[in-house]
Amino acid sequence: MFEQTVTLIVFTFQVLFLSYLVPLKTSQRLDFLYKNYSPEEYPKLYTRPIDYYHKQLWIYRFVNQIILLCGLVLIAIGIILSVDLTGKLFKLMPIAFGMIEMIPLVWLERMECNQYSLMRQLNQEKRRTAELKVRRFFDYISPSQFALLPASFLAAQLMQAFLRDFDYSWGSKLLTSSLILLVANIFLSLVMLKKLYGKKRNPYQDKKDRSQEIEVSIHAIVYICVAMNLFYMMIPLSNYYQLNSYEPLMSSLYFQVITFASIWNRLKRLRLDEINFDVYRNDISAITNK
Amino acid sequence: MEIVINIDDATPLFTQLMQQIKDAVLAGAVKPGDALPSIRQLANDLDLNSKTVAKAYRLLERDSVIQTRGYRGTFVHPEAKSNCSVDLNQWVNDSLNETVNRFREAGVTDSEIRIAFSNVMNSRLNIGEK
Numbered sequence: 001m002f003e004q005t006v007t008l009i010v011f012t013f014q015v016l017f018l019s020y021l022v023p024l025k026t027s028q029r030l031d032f033l034y035k036n037y038s039p040e041e042y043p044k045l046y047t048r049p050i051d052y053y054h055k056q057l058w059i060y061r062f063v064n065q066i067i068l069l070c071g072l073v074l075i076a077i078g079i080i081l082s083v084d085l086t087g088k089l090f091k092l093m094p095i096a097f098g099m100i101e102m103i104p105l106v107w108l109e110r111m112e113c114n115q116y117s118l119m120r121q122l123n124q125e126k127r128r129t130a131e132l133k134v135r136r137f138f139d140y141i142s143p144s145q146f147a148l149l150p151a152s153f154l155a156a157q158l159m160q161a162f163l164r165d166f167d168y169s170w171g172s173k174l175l176t177s178s179l180i181l182l183v184a185n186i187f188l189s190l191v192m193l194k195k196l197y198g199k200k201r202n203p204y205q206d207k208k209d210r211s212q213e214i215e216v217s218i219h220a221i222v223y224i225c226v227a228m229n230l231f232y233m234m235i236p237l238s239n240y241y242q243l244n245s246y247e248p249l250m251s252s253l254y255f256q257v258i259t260f261a262s263i264w265n266r267l268k269r270l271r272l273d274e275i276n277f278d279v280y281r282n283d284i285s286a287i288t289n290k
Numbered sequence: 291m292e293i294v295i296n297i298d299d300a301t302p303l304f305t306q307l308m309q310q311i312k313d314a315v316l317a318g319a320v321k322p323g324d325a326l327p328s329i330r331q332l333a334n335d336l337d338l339n340s341k342t343v344a345k346a347y348r349l350l351e352r353d354s355v356i357q358t359r360g361y362r363g364t365f366v367h368p369e370a371k372s373n374c375s376v377d378l379n380q381w382v383n384d385s386l387n388e389t390v391n392r393f394r395e396a397g398v399t400d401s402e403i404r405i406a407f408s409n410v411m412n413s414r415l416n417i418g419e420k
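Going down the list, the sequences are from chains H and C.
Quick note: the first sequence, position 9, residue 9 per this note's numbering, numbers continuous.
Quick note: the second sequence, position 51, residue 341 per this note's numbering, numbers continuous.
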């Protein structure tokens with residue numbers, strides 16, 4: 001009963017955070033952008049007519065409202081019908097619902113990629129600038145913060161190995177989960193390196209803004225990796241101590257933590273009032289990388 | 291210190307890059323021993339082909355303005371400031387100019403000069419192939 005109540009509360013937080021608060025903040029940010037940085041004054045910011053952006057924002061809000069409604073219905077079912085949310089049937093519900101909640105965010109990310117791609121195609125600038133300075137990884141994150149990543153990875157691997165009797169035989173659960181965790185960490189590390197050394201996605205972006213974005217992205221990825229490693233540690237631990245009824249709760253918390261570390265962190269740290277929008281004007285004298 | 295290149299300029303991009311780095315050395319914006327961005331980083335930041343940046347770095351290393359230390363990266367040469375004023379291309383132009391003028395004074399025609407130059411270049415190429 002206690003697990004049921006706690007799981008329901010945490011799942012409610014998940015629904016409200018991912019399907020209400022995050023979309024609300026994102027929409028407000030985009031609204032502010034469209035109202036204060038018009039296509040007439042900042043033509044380089046828009047690759048399509050402004051109506052297109054308003055329409056996309058409307059779709060984003062609508063989809064999130066539908067998902068929010070579904071989430072609230074699930075919570076109502078849990079409360080009114082006293083369905084056992086900790087049972088095997090609902091074990092995957094927070095993860096499954098969390099993935100559905102991620103869909104609008106993934107869609108938004110894809111839109112952003114398309115936007116930058118179009119910006120690069122439409123870019124008429126003949127001057128290209130770069131700093132004659134090495135970008136080093138530890139310029140953007142302290143070694144002690146970064147150390148959490150390998151430490152959590154090793155802890156997760158050791159914990160799993162210990163709980164599964166170091167059975168690394170071919171086809172064993174331990175080998176499979178170890179490899180999945182390793183591949184996931186490597187993949188996210190490569191994403192970090194791409195952010196650091198890869199091509200500038202936004203051709204007009206000010207170097208200070210780019211530096212800030214790299215820093216926020218690296219921090220986000222490190223914290224996501226740490227959360228992922230800890231989650232991988234908790235699941236076999238809960239099985240070992242027969243705390244399986246807490247798995248939906250852990251899954252829900254995991255989704256909230258990674259959303260907080262990535263999207264929420266980004267929304268809070270990359271403030272619109274601190275971004276140099278002059279680079280999107282047509283006036284040449286205003287196009288200076290400060 | 292910022293590198294600025296103009297893709298519409300008649301000057302080749304690698305030449306612009308070389309000149310900018312030399313200017314940075316002469317202005318003291320980068321000092322002997324300072325690390326420079328990797329070829330990949332600079333190519334990505336300037337949205338250039340990495341071969342263009344690699345060529346600029348190779349020629350700068352030939353001129354002893356920079357030095358590559360394997361995996362550790364690329365650094366400004368200890369004698370970079372004095373080496374920056376040496377322009378190999380200018381020296382080649384000046385030397386060829388002088389030589390061609392001497393041939394003309396001796397009565398050699400332009401087509402004879404071109405044939406001789408071509409033969410010398412081809413013989414160098416054959417020696418190189420052997």
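Hints were generated in silico from the structure; no laboratory data involved.
Heads up, the beta-carbon is just placed ideally off N, CA and C, and yes, glycines get one too.
Please note: incorrect hints may appear among the correct ones.
Unchecked claim - Derived lysine-lysine pairs resembling DSS-like cross-links, with alpha carbons at most 25 Å apart:
id: 1; chain 1: H; residue 1: K133; chain 2: C; residue 2: K312
id: 2; chain 1: H; residue 1: K126; chain 2: C; residue 2: K321
id: 3; chain 1: H; residue 1: K173; chain 2: C; residue 2: K371
id: 4; chain 1: H; residue 1: K133; chain 2: C; residue 2: K321
id: 5; chain 1: H; residue 1: K268; chain 2: C; residue 2: K371
id: 6; chain 1: H; residue 1: K200; chain 2: C; residue 2: K371
id: 7; chain 1: H; residue 1: K133; chain 2: H; residue 2: K55
id: 8; chain 1: H; residue 1: K208; chain 2: C; residue 2: K321
id: 9; chain 1: H; residue 1: K126; chain 2: C; residue 2: K371
id: 10; chain 1: C; residue 1: K321; chain 2: H; residue 2: K91
id: 11; chain 1: H; residue 1: K133; chain 2: C; residue 2: K371
Said to hold, decoys possible - Okay, the calculated bits of chain H under chain C, using three or more residues with CB under 8 Å as the criterion:
id: 12; segment: 99–113
id: 13; segment: 219–228
To be verified - Just a sample of chain C residues kept apart from chain H, beta carbon distances all over 10 Å, derived:
id: 14; residue: A319
id: 15; residue: V320
id: 16; residue: S328
id: 17; residue: R330
- Message: Hint check: K133/H vs K371/C, CA-CA at most 25 Å. Holds or violated?
- Response: holds, 18 Å
- Is the hinted pair K268/H and K371/C satisfied, with a Cα-Cα distance of at most 25 Å? Roughly 45 Å between the alpha carbons, so the hint for K268/H and K371/C is violated.
- Query: Given the hinted pair K133/H and K312/C, is their alpha-carbon gap at most 25 Å?
  - Reply: OK: K133/H and K312/C at ~15 Å, within 25 Å.
- Could you grab the alpha-carbon distance between K133/H and K55/H and see if it respects the 25 Å cut-off? Violated, because 41 Å separates the two Cα atoms, which is more than 25 Å.
- Query: Between K321/C and K91/H, is the straight-line Cα distance small enough, at 25 Å or below?
  - Reply: violated, 61 Å
- Query: CA of K208/H to CA of K321/C, is that 25 Å or under?
  - Reply: Roughly 23 Å separates the two Cα atoms, so the pair holds.
- Message: Can you confirm whether the C-alpha distance between K173/H and K371/C stays at or below 25 Å?
- Response: Status violated; Cα separation ~61 Å.
- Beyond 10 Å from every chain H Cβ - status for A319/C: A319/C is in fact no farther than 10 Å from some Cβ atom of chain H, at 7 Å.
- Query: If you look at each residue in the segment 99–113 of chain H, do at least three have a Cβ nearer than 8 Å to any Cβ of chain C?
  - Reply: violated (count 0)
- Query: Going by Cβ atoms, does S328/C stay more than 10 Å from chain H at every point?
  - Reply: Given that some Cβ of chain H is not farther than 10 Å from that of S328/C, nearest at about 7 Å, it is violated.
- So is R330/C really clear of chain H, every C-beta pair being over 10 Å apart? Nearest chain H Cβ is 6 Å from R330/C, so the label is violated.
- Since V320/C was said not to touch the interface, does its Cβ keep a gap of more than 10 Å from each Cβ of chain H? violated, 6 Å
Of the numbered hints stated above, those contradicted by the structure are hints 2, 3, 5, 6, 7, 9, 10, 12, 13, 14, 15, 16, 17, listed in ascending order.
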